[in-house]
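Using the sequences plus the hints, can you model the full thing?
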Amino acid sequence: MWLSLAVSALVLFAPGPASAKTDDIPPGYRALSLDLPAHEWQYLTDGGRLDFLVSFEARLSSGGKRRVAATLLQNVLVRKLMPPLDKGGPGTAQLYLNPNEAAYFALSTNGKNKITVIERGPNDTAMAPTETSTLMKMTRRSRVKSSPRPPTHEGLIPKGDRALAVPLPLKILQGLKKGSAVDVYAASERGRLLLAQDALVLDARQPTAAVPEGTAWLATTGGFSQDIALAVFEHLELEFQPAQGAP
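Okay, so the sequence shown: first residue is 12 according to our numbering, each after it adds one.
Because the hints were derived from the structure by calculation, they are not lab data. Among the hints, erroneous ones may be present.
Said to hold, decoys possible - As a list, the in silico EDC-like pairs of lysine to aspartate or glutamate whose alpha-carbon atoms are at most 16 Å apart:
no., residue 1, residue 2
1, 76, 209
2, 188, 209
3, 188, 214
4, 189, 209
5, 91, 46
6, 182, 250
7, 125, 46
Bear in mind the structure is a predicted one, so any value in this text is a computation, not a measurement.
Below, the structure written as structure tokens:
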């Protein structure tokens, strides 16, 4: 609980980066470089906004450990995208962070933590508290009635959604159709988990020399994106079904 409250306080009260008209660092901010695998980097846009997600092992009261995922930073400005030096290698993005955010960023990118980014739609600068994701929470999840999605242009992130690049084997990727809505499941020791419902397939790309991993770009709520990221970090096998309405 304390971890969830701490993360929520951080993302709520840390101010978002100022809008920069040039490539210069905005006053009061720091520029830090983030390396991302090619399948994630390919969807970043110069001047876009993203949330920074970190997964780490949390100690349980019983003395054991479990992996959790948390959205550490929200509404981060992306500038100066640098392509991979080698085909299939990571690309680099420059992030503008205030000093507090930069400190948390530096701490989270050290050690055994796993990181990813979830992207925001145009003009989406909203801040909101987020809970940590755990597999235990997903085992208790049941289908709920979905709200109608607001209209959006093809390939764009719907308002309020977050987009996550998910690496997938070709046999699964071939079953995904761009523009379709899917329910996302994962197979785990705890059984079949519902990760997200009514996720929108913004794009589906097969492997190439530059990006060796086939990738689905999925838009859903921030919490569901975080859950999908945790399942990917845990190397769970994902399953996609055509989205179905609440019973």
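inquiry  = Going through the numbered hints above, which ones does this structure break? Give me the numbers in ascending order.
reply    = 1
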